[in-house]
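S.K.: I would like the entire structure built from these sequences, with the hints used as guidance.
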Amino acid sequence: MTGAEALAAALLAEMQSAGAVPVAADILQPAETLLDLYGEDIRARAYVTHDPDLGEMMLRPDFTVPVVQAHMRIGAEPARYCYAGPVFRKQTGGRAREYLQVGYEIFARDDPARADAEVFALFARLLAPYALRPVTGDIGILKAAVAGLSTSDLRKTALLRHIWHPKRFRALLERMGGQGPLAEARAGLIARLRATPIDAQIAQAGQMVGLRSEVEIAARVARLIADAETPPIPQAEVAALEQLLALKAPASDALSTMQAMGWEALAPALDRLAARLEALAQAGIDPATLPFEASFGRTTMEYYDGFVFGFLPARDDLPPVATGGRYDALTAVLGQGQAIPAVGGVIRPELLEALT
Amino acid sequence: MSLKLGVPSKGRLMEKTFDWFAERGVQMARTGEAREYAGAVDGVAGVELVLLSASEIPRELAAGRIHLGVTGSDLVRETLADWQAQVWELAGMGFGHADLIIAVPKTWVDVETLDDLDAVAAAFRAERGFRLRIATKYHRLVRDYLRAHGVADYQLVDSQGATEGTIRNLTAEAVADITSTGETLRANHLKILRDAPVHCSQATLFAARAADWSGAAPVLRVLAARLGVAMPGDLVRTGVEQA
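Chains as they are written, first to last, in the numbering used here: chain A, 1 to 356; chain B, 1001 to 1243.
Hints are not guaranteed to be accurate.
[What the hints assert, rightly or not] According to the in silico footprint, chain A covers these stretches of chain B (three or more CB under 8 angstroms from chain A):
(1) 1079-1085
(2) 1099-1113
(3) 1119-1131
(4) 1175-1184
[What the hints assert, rightly or not] Distance ranges between label pairs, derived from CB positions:
(5) A:P166 <-> B:S1002: 28 to 38 angstroms
(6) B:Q1160 <-> A:D51: 21 to 31 angstroms
(7) A:R170 <-> B:R1186: 54 to 64 angstroms
Calculated from the structure, these hints are not laboratory results.
A virtual CB, placed ideally from N, CA and C, is assigned to each residue, including glycine.
M.R.: Dropping the structure here:
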């Protein structure tokens, strides 16, 4: 057994003593489910192979999806699972392509704050011997902030879709505030679309080719024209959102800062944060020193929609040793209507070993 | 020891490559019969000409089997993962220009930019239950570009030729392909998005990081001086003793 495997076994044993049931997952996973969840990007990250009967398959890029699926098939509630095994990711340069993950997941309907705190406190305890910097965040607060903007549902949906793509999110926000090159391009487009009836424009453009129909084109034109009537998102709100996204502070301070912003739409999400911090305090984690970064998880953790956390090495160029968070929406997608609140995380033993 | 220089083995790309070197005082020629892939170089001692298909040159560079190679900058970026870790880009050669662009049907009067394409992709997926398909053979370049611009809800479908026809054949909604004049796109009722191209390609002289430079570095130093290109920084000291 290698050092990392021994570490993985020890971590898994700790997770079992914490009450988790060990689960196994196939290394070969159907590509379609993963593509559906993660989009085309997953092809750049996961190894794709082909089975004559089963079609396109992927070497497991993580455990979350198979563990959620297993729970949906057989699980009793509440449930705690743990697992250990290799995952496979395409990398460039010297980074590992195949590495171990040890994970812990809780599926429970009541008291999400306590489940969040349980996972984080367990990870903090298991990782205490190593010099790591914990970070926490909350995607739910960002979603609430977007939902609370004074603008149309269409625009909110567009922004929510891109919370995990900061560059496009910023560009959209700028356009919806009536600023920048995209707003200018959009104004030009709207003027052209308004100039003559749309069916005439389509006919004039040439021969119809492809699946997207005149009806779909006309429907989007109608949405674009309606959207052009929507007033710009007020600059004060854009500024407040930017300020929120940039917030980095100890968790207790971050909470009071956000409460002091007086943003009514944030209240339920901030109540959840307050309950989580209380649960963390009860679990022995001090919110007065626990780092909170509002944008943490935005670029890397697409399926998380609430609490997110990471344990980072001192060196910036190394990947996080552990990451996790809440993914309630993912279970709804995978459960085809069934949903269960879920929170969990993974540790990478090879990275831990390298730290010792 | 000689320096191996890989150049395209036929067509305009070969002729233009020969011209480019000739203009800088390095004469190249194919030797033997017209069908024999052999060549010779005059003007700099120790350069061995290797005639290869342009599409194989990136791989040969990555493997270090040739020291220098002339090929399209698009092919190197598409074929080699983390291409900058594998080759040095010595000089753009000013020919073989072609842009990798994204095109959609002209009748999409509501689509002019990537911003529009992204919105259409979201609506398309919601409406039809699958992701908008973009046909291309440049998977890496297109995916990197769309990721960098935060476009979501699309999928790439592979098309190794006649890509513009995939939309008519209902196997894709948009295409990403190389174009120099846009003629084929127009003939297939397509238009180019107004954003900057995915990549502006041209014939480029590359050097292989993985090649054995111990004997070849002094040859490159002479050749680089003749061609008026800078030595790769990492190679400046290599082989100085032997020279």
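S.K.: Taking the hints in turn, state whether each one holds.
M.R.: Verification of the hints:
1. Counting residues of the segment 1079-1085 of chain B whose C-beta lies closer than 8 angstroms to any C-beta of chain A gives 3; at least three are required, and the coverage claim holds.
2. A stretch counts as covered by a chain when three or more of its residues have a beta carbon under 8 angstroms from one of that chain; for the segment 1099-1113 of chain B and chain A the count is 8, and the coverage holds.
3. Only residues whose C-beta sits within less than 8 angstroms of a C-beta in chain A count toward coverage, and the segment 1119-1131 of chain B has 8 of them, enough to reach three; the restraint holds.
4. Against chain A, the segment 1175-1184 of chain B contributes 0 residues with a C-beta closer than 8 angstroms to a partner C-beta. That does not satisfy the three-residue criterion, and the hint is violated.
5. In this structure the hint that A:P166 and B:S1002 lie 28 to 38 angstroms apart at CB is violated, the actual value being about 50 angstroms.
6. Checked against the hint of 21 to 31 angstroms, the pair B:Q1160 and A:D51 passes, with Cβ atoms roughly 23 angstroms apart.
7. Our hint of 54 to 64 angstroms for A:R170 and B:R1186 is violated, since their Cβ atoms are close to 35 angstroms apart.
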